[in-house]
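Asks: These are the residues of each chain, in order.
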Amino acid sequence: MLSNLSATVEQFEQAKSRLSTLKNDPGNEVKLKIYALFKQATQGPCNTPKPGMLDFVNKVKWDAWKSLGSISQDKARQQYCDLVGSLVAAEGGSSAQVAAQPAGSEATYETLLVTTEDNITTIKLNRPTKKNAITTEMYNDIVAALEQAAKDDSVLTVFTGAGDFYCSGNDLSNFTKIPEGGVELMAKQAGDLLRNYVNAYIDFPKPLVAVVNGPAVGIAVTALGLFDLVYATEKATFHTPFSQLGQSPEACSSYTFPKIMGVAKASEMLLFNKKLTATQACELGLVTEVFPESSFQMEVWSRLKAYAKLPPNSLALSKQLIRSTEKDRLHAVNDAEVERLVERWTSDECFNAIMSFFQAKSKL
Amino acid sequence: MLSNLSATVEQFEQAKSRLSTLKNDPGNEVKLKIYALFKQATQGPCNTPKPGMLDFVNKVKWDAWKSLGSISQDKARQQYCDLVGSLVAAEGGSSAQVAAQPAGSEATYETLLVTTEDNITTIKLNRPTKKNAITTEMYNDIVAALEQAAKDDSVLTVFTGAGDFYCSGNDLSNFTKIPEGGVELMAKQAGDLLRNYVNAYIDFPKPLVAVVNGPAVGIAVTALGLFDLVYATEKATFHTPFSQLGQSPEACSSYTFPKIMGVAKASEMLLFNKKLTATQACELGLVTEVFPESSFQMEVWSRLKAYAKLPPNSLALSKQLIRSTEKDRLHAVNDAEVERLVERWTSDECFNAIMSFFQAKSKL
Amino acid sequence: MLSNLSATVEQFEQAKSRLSTLKNDPGNEVKLKIYALFKQATQGPCNTPKPGMLDFVNKVKWDAWKSLGSISQDKARQQYCDLVGSLVAAEGGSSAQVAAQPAGSEATYETLLVTTEDNITTIKLNRPTKKNAITTEMYNDIVAALEQAAKDDSVLTVFTGAGDFYCSGNDLSNFTKIPEGGVELMAKQAGDLLRNYVNAYIDFPKPLVAVVNGPAVGIAVTALGLFDLVYATEKATFHTPFSQLGQSPEACSSYTFPKIMGVAKASEMLLFNKKLTATQACELGLVTEVFPESSFQMEVWSRLKAYAKLPPNSLALSKQLIRSTEKDRLHAVNDAEVERLVERWTSDECFNAIMSFFQAKSKL
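Residue numbers (UniProt numbering), protein chains in the order written: chain A, 1 to 364; chain B, 1 to 364; chain C, 1 to 364.
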């Protein structure tokens, strides 16, 4: 697939008509973005006078349009197609007919967009209406995508999320499908899945970059300790509410977090559920750099494209050197964490905590 | 013991009369606090007009009273009783007759207050007139208190100090009682004591919290690397003057400090005696968070009480997971540090340095 | 050798005449410094009126003189002699006839000044016209100097650079002298040299201090992870452009940097060539403290002289205790890094990257 990077007018028209087929309301924030991209794509940058203070609705829409600044109509059309495509795909439709695909090769997954372009393979969680919560299927798909990325010709591999969330972590509804073998079997299977998932990060041989485009929760946060670079928008947050749910840390965070920030800071997150801002996470060393939301994607991608031109073997071997001194330890930590979590998942304490979570949620 | 949290009027009256039995002057700072608590307990918050600029004594007393803000008369009465009780106890008297004990169980130690309340076991160093310096007896008592706390029903264990100091570290007069076996025997016994003491922290199975209410020196600082949370008042300081005394680091700080802050920062403290402010210690990751002195106790305890309601097994197992990856190493480091210190304690270099310390002190 | 610290008038006169024998132009920056020191040495602090805005040349010269503040004529004379001496020495002449040597013992090396004074042995890179880039000979000389310092009576060992640079790292012209055995032999020899060099830091038994007087590049940066204290002037920078040159990290930085600052920050430097300011390096824990350029030498040396009066055994044993827990690991990391680099040096990727470097340089 070597299509043009920007969406054709045809694809744009398709996206418009596809929008009306959505079964679920994507929410005000997404709708405003769709509105703004449409205006930018068809009329260019916002030049109309600012609505009056009391004209609330038009003020909000005007703000959304204005916030796109001077991005080109081509780019707005492209982003419009991407956004509509991801919404349709998230409802089980195929995004292929709508989204203008980035150039390069692409594997096909249900709720994952994997593309390779400019020497960069990007794995994008694509379940925005569920805040990119990771289902059992997605765990397996991400492992497959990482294995593929390890073998392809790309220099960097990037992990990010579609929509406003980076990833809300493990989809707790994974725990509601109890198999015939009962809770013990479910816990064992979930443990095997988790061990595999984390091993895929530990063993990944190329530089791995997280582009944290919004809030991150649970395993989406803990796995960051296994990334080589973590770029975050200022509106990203980092939250690991394990003890609230009667659980314990995973993805080697019981080892990587104290190593990165010291136990006194790590315990606040891993034991006592403290939610960090992007700036706090950067000061503690979990995040490499924080960017303003308005220029986040532009700044990060221009930097990554420059990095992807560096000598690839030098990058991969340097990364492996850094990780080699602790690889055995990371595997051992992963095993110990999984073992503990399997116990937790079959405990009354954990069961009651998760039940409370669902009850509180259903009351909202 | 399930008494009421606040002191009864009777206990308050007892405390007042007990105050006059003190043999030693507790110093101006403590006396001002007693004055302020008495005013607050009997008249409520300070509403009298501020004394004139030149009325120094009354200005200082007014400031002390005013600094108590709007704490209730009950609470002031309670704190008054606690403070007088700790002063009397420090002189060898029994505090039991005076202090209004917090609700919950309580073990009895000479210079240690151990209480359990709201799922929190608190171990409070109670030798305020000696800045909570740790005697041989106190080392053993703390080990016993930690062993007890590990087994009781509490969720968190808190370590703190009575009065204005957190802890001034090892009581150097421990070195002045040379046993019949000579310096070698003293050093060996001190080494055994130290090894046991540090092991009690390494092996502690529940979340361990330091509430650093004032300056911390020596082993009171180095042991912080073995705590899970460290909350400090802004007036706390952190000082490890080992080389000045011809000694070397202990409590695993030769391993935990470089891990937390890097060797370039750790050496400044452990080799070159740099004293840190609370803010500096927080930036380096030794301290979790710093609080204003005026709200320190209130903010910290309301937070700890909330933490103590989290699922206890999840907390304990998560803490153990974090420490398990380095427990063997911590024991090995403890052994190596103790071995080195035992050599140090019998060296001329150390002997001369400690002698200089006592001579300088006697000249003050 | 117990000569006076300041240069005699005779030495000053010698230096003046020696200056005219220089074969290479030392560059404008160095020439301005020589001018300023000469003025200060002969006329004292600059009191002449500031030249007009448009009198560019005299303005720059006046600035240089003024920047010396109120340092004494003696001191200026001394610095003048040192600077001229280092320039002459760098051209292969003997500095002995010119520079007023600091008091204390001194070993003799071609492009290294090694002195012992006030219990401090100082190893100063002395190749300012080449930004103190390290040649094959200098690697061996530094190892010899460290072995000597380990055995002498000094308490601290200090590493620093002459002129405006701390050290620009490995002299890439080391790679242009291909021996008869071809590139493989050259790579093997360079690997052996590097392994020895780094081992000398790992095994060094006394506190090791870096006085980073200007920009640091490559191995001069990575080796900082093996120092106990790192003091930097505000104008120092820290740059490790390994992947740009098709290479990989050395001096145990693949282990020490992630330990000090976390992988997310370390990768930015070691993989993606980010250059840090002194303040950034200090925030990440690579640097102990940053000083204003104007008072850098004065503040650092007065502090080091105070440290050098502390009990020497206590300092050395404390340092060894801190490093002992990771010494075996550091040796293993050094071996792994060298092995990887030897492969790199014989790779086409690295060869092409270095060729590009030289081509770009020759065009300037």
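Any given hint might turn out to be false.
Remember, identical chains collapse to one label, so a pair may be satisfied in a single copy or spanning two.
27 Å max Cα-Cα, derived BS3-like pairs, lysine-lysine [as the list claims (entries may be wrong)]:
(1) K305 with K177
(2) K235 with K274
(3) K309 with K275
(4) K75 with K50
(5) K177 with K66
(6) K23 with K61
(7) K274 with K75
(8) K305 with K274
(9) K275 with K305
(10) K31 with K305
(11) K275 with K206
(12) K16 with K61
The set of hints was computed from the structure by calculation and includes no laboratory data.
Asks: Compare the structure with each hint and give your call.
Replies: Right, here's what the structure says about each hint:
Proximity of K305 and K177 under a CA criterion of 27 Å is satisfied in neither setting, with 42 Å inside one chain copy and 35 Å between copies. In the homo-oligomer, the alpha carbons of K235 and K274 lie at most 27 Å apart both inside one protomer (16 Å) and across protomers (24 Å), since each shortest distance falls under that limit. With identical chains, the CA atoms of K309 and K275 are at most 27 Å apart between copies only, with a shortest distance of 18 Å across copies and 36 Å within one. Taking CA atoms no more than 27 Å apart as the test, K75 paired with K50 passes inside one copy only; the shortest distance there is 24 Å, against 56 Å between copies.
Neither within a single protomer nor between protomers do K177 and K66 lie at most 27 Å apart by alpha-carbon distance, with minima of 44 Å and 60 Å respectively. Taking CA atoms no more than 27 Å apart as the test, K23 paired with K61 passes inside one copy only; the shortest distance there is 23 Å, against 71 Å between copies. Taking identical chains as interchangeable, the C-alpha atoms of K274 and K75 are never at most 27 Å apart, the minima being 38 Å within one chain and 30 Å between chains. When the C-alpha separation of K305 and K274 is checked against a cutoff of 27 Å, the pair qualifies only between copies, where the shortest distance is 15 Å, while the shortest distance within a copy is 34 Å.
For a Cα distance limit of 27 Å, the shortest separation of K275 from K305 across copies, 18 Å, qualifies, whereas the shortest one inside one copy, 31 Å, does not. In this homomeric assembly, K31 and K305 never come within 27 Å of each other (Cα to Cα): the closest approach is 30 Å inside a single copy and 42 Å across copies. Taking identical chains as interchangeable, the C-alpha atoms of K275 and K206 lie at most 27 Å apart only when they sit on different chains, with a minimum of 22 Å there against 30 Å within one chain. In this assembly of identical chains, the alpha carbons of K16 and K61 lie at most 27 Å apart only when taken from the same copy (18 Å versus 69 Å across copies).
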